[in-house]
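Engineer: Chains R and Y are the protein sequences, given in the same order. The first sequence runs 67 to 184 under the numbering used here. The second sequence runs 4 to 463 under the numbering used here.
Note that these hints are calculated values from the structure, not bench results. Beta carbons are placed, not taken as given, at the ideal position from N, Cα and C, and that holds for glycine. A couple of the hints might just be wrong.
Cross-link-like lysine-lysine pairs, in silico, DSSO-like; alpha carbons within 27 Å at most [as the list claims (entries may be wrong)]: (1) Lys315/Y with Lys441/Y; (2) Lys168/Y with Lys53/Y; (3) Lys53/Y with Lys159/R; (4) Lys159/R with Lys342/Y; (5) Lys53/Y with Lys132/R.
Under 8 Å between C-beta atoms, here's a sample of chain R residues computed to sit facing chain Y [claimed, not checked]: (6) Leu130; (7) Thr163; (8) Leu168; (9) Pro171.
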Amino acid sequence: MHQKTIALGELATARSGDKGNHANVAVVAWRQAGYQFLEEVLTADRVAEFFQGLGSSHVDRFELPKLGSLNFLLYDALGGGASQSLRIDTQGKLLGTALLDLELPVPDNVTEMLRGTA
Amino acid sequence: MTLRIANAAGFWGDWPSAPRRLLETAEVDFLTLEYLAELTLSIMASQRKKSPAAGYATDFVTVTEDIVSLLRTQPQLKIVTNAGGLNPISCARAVGKVLVQCGFGNLPIGVVFGDDLLPKMDTLTKEGCEFLHFDRGEPLGTLREKAISANAYLGAEPIAQSLEKGARIVITGRVADASLTVGPVVHQFGWDWNDWNSLAAASVAGHIIECGAQATGGYSTDWKSCQLANIGYPIAEIGGDSQLIITKPDGSGGQVTRHTVTEQLVYEIGDPAAYVTPDVIVDFTTVELAALAENRVAVRGSTGREAPESYKVSLAYADGFTASGQLLVFGNDCVVKAKVVASLIEERLNQDGIELARMHTELLGGGDGLPGMRPPPDGLREVMLRIAAYDPRRDAVAAFARQFAPLITNGPAGLAGYAQGRPSVRPVYSYWPTTVPKELVFPEVRVLDADHWANTTENN
């Protein structure tokens with residue numbers, strides 16, 4: 067039976083951080099083929115939609131192709147940031163882990179994108 | 004010649020035994036210890052209000068006691084730290100006393116100050132500084148009266164000067180985190196302060212190691228791949244030609260891989276093509292990594308351009324009060340019950356005429372760690388109810404904090420966790436990021452023996 071979607075966590079690792087009331091999420095693809103696929107499908111809009119519950123005003127995406135990484139900046143995502151947020155996660159430490167659950171369509175060459183022993 | 008620079012503290016509260024463990028398992032030229040997160044200075048400001056000699060990272064004094072024997076067995080070892088916080092002189096005095104007691108009375112300690120702008124706010128305002136908010140562009144205006152700390156992020160030059168004057172331990176206040184590494188590197192290799200690509204390489208090294216174990220397998224979504232109990236802290240090996248390798252002590256836990264290094268490179272940055280430090284603006288998009296061997300990753304291709312003409316400033320102002328409480332809510336109906344408990348607290352406050360400016364309720368275990376993402380799953384037997392409140396008035400928040408304990412006898416059954424005691428009311432210090440022209444800030448360096456610092460009666 068064909069898988070219809072694949073979790074981002076099969077294709078990459080992630081780490082989130084904070085700058086004031088903004089959060090950044092860095093996604094690092096396991097393989098070059100995976101980075102190329104994510105550059106196409108893991109858009110700022112897709113990430114914004116995934117995190118819409120946070121109330122972020124907008125999301126920017128930056129590319130670091132030499133590092134196989136995409137950096138997403140989620141503006142005003144932290145409920146006031148470390149100094150003012152009432153949430154348990156004032157600094158957005160959970161965002162990286164959460165994003166890896168995002169489901170993406172399965173590309174034809176998915177086996178070139180998985181972790182493997184590269 | 005290759006300089007080996009390690010980091011063994013990424014923030015105030017990092018693993019206390021990390022510095023000793025690192026020095027017992029690796030020989031390094033420099034150890035950096037980073038203690039100042041965005042908000043740390045505001046905590047230190049309230050400490051200093053209560054006691055004029057307070058306001059520095061006391062952890063560093065404990066670390067000094069812990070590693071003093073290693074200063075003898077590693078004679079090449081020097082330490083660079085921002086543990087000085089708001090009171091670097093007081094920090095130097097405390098550290099000096101420890102060193103004197105251990106026979107290191109003539110060890111030179113360099114103190115860097117001049118980052119503290121709070122005493123100069125009036126002067127700076129007269130000279131035209133509006134302290135515009137970095138994102139929103141608004142002037143600071145009357146919030147100036149509520150400011151409790153204002154510190155410029157100084158760069159690497161005063162650190163290099165301290166080392167040139169013979170310091171073996173350099174204690175600073177607020178400096179840019181990467182500058183703790185750039186200072187030693189420029190001092191060692193004699194680079195020009197406008198050699199942007201070389202400064203970029205040193206800043207990249209500093210940024211990678213500044214958060215300690217985050218570069219060596221900590222804070223990783225791939226956490227199953229390494230041993231964390233004995234995680235090694237990072238070491239940057241830098242050559243005079245800007246060659247950079249990231250590694251960790253042999254035999255230690257954790258891992259250094261393309262992923263751990265990339266994640267730390269891209270950590271807490273906005274536009275990667277313009278990572279601004281006081282020393283240089285770095286372009287991370289030209290950087291490439293290569294795994295040379297297990298736990299040895301080469302970092303190549305760093306490029307940079309001219310540093311900005313202003314320092315970034317972290318300013319904090321008093322902005323109300325906050326408290327949060329948690330109770331475990333147990334039972335098949337725990338989700339419904341938790342919401343009822345939250346509304347009881349709010350309603351009882353309203354009955355007393357108190358309406359809090361902000362209240363936030365979370366069902367932890369029910370998916371609220373990230374708000375608005377998922378509803379609670381069916382079949383939960385227990386959930387942690389957490390409620391946090393904010394109000395400009397201390398007594399309103401104190402009234403909120405007193406609503407938890409009564410629920411033991413006048414709330415629903417199936418609640419636990421009262422033994423933690425009444426939630427404490429904390430002051431809120433809001434963060435106002437801004438800038439100040441470099442020409443209006445005067446970094447100062449003073450290098451004296453530990454003996455002299457131990458006996459100084461000054462406070463900063």
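Engineer: Hints first: check each against the structure and report whether it holds.
Structural biologist: Hint check results:
no.: 1; hint: Lys315/Y with Lys441/Y; in the structure: 9 Å, holds
no.: 2; hint: Lys168/Y with Lys53/Y; in the structure: 34 Å, violated
no.: 3; hint: Lys53/Y with Lys159/R; in the structure: 32 Å, violated
no.: 4; hint: Lys159/R with Lys342/Y; in the structure: 25 Å, holds
no.: 5; hint: Lys53/Y with Lys132/R; in the structure: 50 Å, violated
no.: 6; hint: Leu130; in the structure: 5 Å, holds
no.: 7; hint: Thr163; in the structure: 6 Å, holds
no.: 8; hint: Leu168; in the structure: 11 Å, violated
no.: 9; hint: Pro171; in the structure: 21 Å, violated
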